[in-house]
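Engineer: As a plain string of letters, each chain reads:
Number of protein chains: 2
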Amino acid sequence: MKLNINKDFEHPIYLQIYNIIKEYILKGKLKPNSKLPAVRSLADANNLNPSTVVKAYNKLEEETLIYKKVGSGSFVSSSKDIHINEDYDDFVNKRIDSTQMNLENNINFASATPSHDLFPIQDFKKSINDVLDRDGGKAFDYQNTQGFIPLRKQISDLLFSKNISSSYEDIQIVSGAQQAIDIISKIFISEGNKIAVESPTYSGAIASFKERKALIYNFDININGINMEDFEDFVKKNKINIFYTMPNFQNPSGVKWSLENKKKILELAKKHDFYIIEDDCISELNYFNEDITTLKSLDKYNKVIYIKSYSKVFMPGLRLGFMVFPKSLSAKIISTKYSSDISTTGLNQRAFDIYLKSGEYDKHIKKINYLFKKRFLIMKKLLKNNKDIFDLMFEPKGGLYFWVKYKKENFSNFIYKSRVNGVSLLPEKYFNLDNKNTNSLFRLSFANANFDQIKRGMNVLISLSKNDSEDNIQPIV
Amino acid sequence: MKLNINKDFEHPIYLQIYNIIKEYILKGKLKPNSKLPAVRSLADANNLNPSTVVKAYNKLEEETLIYKKVGSGSFVSSSKDIHINEDYDDFVNKRIDSTQMNLENNINFASATPSHDLFPIQDFKKSINDVLDRDGGKAFDYQNTQGFIPLRKQISDLLFSKNISSSYEDIQIVSGAQQAIDIISKIFISEGNKIAVESPTYSGAIASFKERKALIYNFDININGINMEDFEDFVKKNKINIFYTMPNFQNPSGVKWSLENKKKILELAKKHDFYIIEDDCISELNYFNEDITTLKSLDKYNKVIYIKSYSKVFMPGLRLGFMVFPKSLSAKIISTKYSSDISTTGLNQRAFDIYLKSGEYDKHIKKINYLFKKRFLIMKKLLKNNKDIFDLMFEPKGGLYFWVKYKKENFSNFIYKSRVNGVSLLPEKYFNLDNKNTNSLFRLSFANANFDQIKRGMNVLISLSKNDSEDNIQPIV
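Quick mapping for you: the protein sequence lines, in order, are chains A and B.
Each residue of the first sequence is one higher than the one before, counting from 208 in our numbering.
Each residue of the second sequence is one higher than the one before, counting from 208 in our numbering.
Please note that the accuracy of each hint is not assured.
What the hints assert, rightly or not - The calculated lysine to aspartate or glutamate pairs, modelled on DMTMM-like cross-linking and capped at a C-alpha distance of 20 Å, are:
1) A:333 - B:340
2) A:417 - B:330
3) A:275 - B:376
4) A:539 - B:398
5) B:345 - A:268
No lab work stands behind these hints, which were simulated from the structure alone.
Only chain A is shown next, with the shape it has when bound in the complex (with noise of 0.2 Å):
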C-alpha cells in the first residue's frame, strides 16, 4: 500500500499516515474487519521507519478505528462501517472531529468547542471539592429530576438581567442541549409530524428530528435570518409543530436575526399555532455590543422553549444546560426528562451552582469573549485577504465561526487535503437535510485553534488551494 506522504510537510509523518488509513476506513475504502498491511510492509513500501507506522497504528487502535490480534495482525473494526447508515456516518465524523483535538500539531477548524486549554479546571475543581464538603453523599443521590433547585434559582435571576422573566419552575436542567432537543422531539413529534428549520443547521437537531420521523422543512438562511414571506406561505398551508432556530449567532452561519424578523416570527407562531425551540448555543461571544433580544424574552403569548447549553461557552464534558419553557408544558418535560435519563448528574449541578455563585463563571466569559474577539479579527481578516480563494457567506459579529464559500474547483479534493495535512473544516454535507457537498461551502472555526494555529492553518488552506491540480489524491469526500 504506498500512502501519499509530504515528509517535507511540518505535520508529523505518523499523524499523516494515521489520517490517510482513517479516511480509508471512514470512506469505507478499506473494509470492516479487513486486514491492514503489515507494519514491516507498510514501512518497506512507503520508506519508512516501522516505529513511525506503529506509532499510527497505536493511535488508529486508540480511536477504536481498528483492532489487534495477537499474532496475525491489525484489522478494521466493524462498527467503523459508515455504510451501515447514514446518520452514523456523521457521528463518527462528529466523534473524530472532537478526538482531533487532541492531535498535537492538528490545527481544527472543524470544532465548535473550546480547546481545553481554556477551561477553567482549577476553579472548578475547587467548586467540585466544595460541593463534597458541604453535600458529601446527596450530591450522588438521585437528584430532582427537574434540577437542582438552588441553580435554577440562580438561573432565574440570571435570565431576569437578559430581560426573560421565569420562575425557577419553569427551567429544566438538562445533559446538555442535544437532550432538550431530544425531549422536546419525544414530545412534539410523531411519525409524519412536519417541523421547520434553517439552512443550514445544526446536524444533532436534524439526528433528533429524524429519529421522531419528522418530516422537516428547511429555509434557506439570509443576512436577516429567513424569508419570512416564504415562510408565512408556508406554515399558512402547512401545519407545523416546531421551529427550530438559532437566532443570535445562528451555527453555522454566524447569521443574527433582525428583531423585526424575531418578531413576526413570534406572531406566526402565535396565529399558527407552532412552537419556536430558540437554542441559544453562543450569544454571550458578542464581540460588538449587537442588539441580541432573545425571543423569549419577547414571548408574550407562550410559544417558545428556551434552550441553553454551557458546551460552546464553558465545557462540553459537563454535559450540562437548561432549557426555560411556558408554564403550561411542566408535566410533560417533566416526566420526559425522568424517563429518558431521571436526572442530571448531581455532582455537576451542583458545582456549577457553586461556580456560578463564586463570580468566575463571568469572569471565563470575559476572558473568553477577549481572546475569541482577537481571534474571530485575524480570521476574518485572512479571509477577506483572499477574495480569489475564500467568499464569506454573512459577516457575523459574533459566535466562533464563518461559513464560507471556495471559489476554486474541486472542493472536495480541497477538504480532503486539507485534513491530510492536519487543517480539519466541516463542509456543508454537515448541515443540510440531504449531507450533500454541493455549493462549496463549509464551515470555519476558531474555537479550537489559536492565534498562530489560525494563521498556520490558513496558510496550509491557501497554499493547498493553490496547487489544486498537481495532486494526484483520489478525492474520496
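Chain A is fixed; fit chain B onto it per the hints.
Structural biologist: Leaving out everything else, chain B in the frame of chain A:
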C-alpha cells in the same frame, strides 16, 4: 383546617403536618394555586406552636410543593398538579420517595436505592481529584460517545469473570440504566409495536415503552420466572420486538428465574426473533451464593441486550451504567446515544474507572452485602412473625426488597396512614400497567432503612394494621 396529628407519636409534629399537606397536594385535595391556611390560623385550629407550622411550610417550599408570595401567604405550586397526567403522578411520587430519604425521622421502605451514608464519598472524592490532576481539561472535553475506552476495557474484563465474553467495542456507557432502556426503545419500538414484560415490573421501563406508544403485554411473575407455556403460546401468535426482564432478583418481586426458564426464553427469542432486554439491577446482592447465571452469558444467538445499573449497588446520582449489545446493533446504539445526550459526562466515567481499578469497588460491594444481608434477615423474620398481617409472595434470596400482600381490610387506608406516620411503602400500582391497587400488594424495601429503622418501621406498620377501624382519616390513595 383541622389536621389529624398524633402528638404522642415519636414522629416530629412538623413532619406530620408536612406529610399530611403533601398528601393533600399530591392527591389533588388542595388544588394548584389555591391558598394554604395562614400559619397562625392553622396553628390555632390544631393547638400548635406557629413555629412548627412555619417549619412544615418551609419543608414544603423546599420541595417546591408550595410557593410563597410576599405579603399574601403560601400557595400550592402549579407544576405539582398530579391530575394533569398519569405519568406525572408516578414521577412526582417517585421524586417524593427519594427526597423523603432526607427526612431525619422518616422511615423509607419505598426507595430501593441505598441511603447516602452508605456511599463511599471519601474514596470516590480521591478518584475525582486523581482524574482532575491527571486529565485536566480532557475530563471536561467532549467524550467518546460510546464511553471512556479504559473504563469499557475494564468492564469487559470484569464481565469475562462473569462468563460474559465481550469486547469493549460491544459496550456502551450510559447515563444510568433508564437511559439504556430509552435508547433501546428509540431503536426498536415504533407506534403499535408489541413488547412483553413481567408483571409486576419496573415503572421506568413501562414509561419509556409507553412513550413510544408500544402495545405492552404482561406476564405474571412466578417462582421460576413466568409461565413459559403461556408466553410461548403468545409469541407464536403475536410478533413481539422486545421482552424486558430482570431475571435475577427481579424488581419488585425478588424472583430469580430458574436456569431452565432462562434457557427456554433464549430459545424462544431465537425462534420467534425478538430481543431480550436483561436489566441486571442488583445481582451483586446475592446473600446465599445462588446461581445467578445471566441470560447474556448463555446468549449464543446474540439476542440479549444486557443492561447494568450502578444505582442500586453504588450511587444513583452518579448516573452511570452500561449495556452490552450484539455487534450488529453497534451503529444504531451509538448514533442513538449521540442524539440523546452526545456522551455521558467525562468526569464521572473517568473517576469511576480509577475507583474500579483501585479495588475499592469490590470492597464496597462486600461491605454492603454484609450489611444488607443483616437487614434482609431481620425484615424477613418480622414479616414471617406476622403472618396474620403480611403474606410474603416469594422468598427472595437476594436483592433489596420483598413483595408483600397485606392480608387485612382497607389496603388504601393502611398505605395512607403509614405515610402520614412517616413510613413510606410503594403499593403495587407503581409496578403494573394499569396503575391500580387491586391485590393489596406492596414492595417493602430495606435499601434505605438501617437495622433499627427496620424494626421501628415494621412496628409502626404492625400497630397501624391493628387499629384499622378506629381511624377516621379518609383514605385517599
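Engineer: Compare the structure with each hint and give your call.
Structural biologist: Results for each hint:
For the hint pairing residue 333 of chain A with residue 340 of chain B, the CA-to-CA distance comes to about 12 Å; that is within 20 Å, so the pair holds. Only pairs whose Cα atoms come within 20 Å are accepted, and residue 417 of chain A paired with residue 330 of chain B is rejected, the gap being roughly 43 Å. A distance of roughly 13 Å separates the Cα atoms of residue 275 of chain A and residue 376 of chain B; the hinted pair therefore holds under the 20 Å criterion. With a C-alpha separation of about 19 Å, the suggested pairing of residue 539 of chain A with residue 398 of chain B holds against the 20 Å cut-off.
A distance of roughly 19 Å separates the Cα atoms of residue 345 of chain B and residue 268 of chain A; the hinted pair therefore holds under the 20 Å criterion.
The structure does not agree with numbered hint 2 stated previously, though it agrees with all others.
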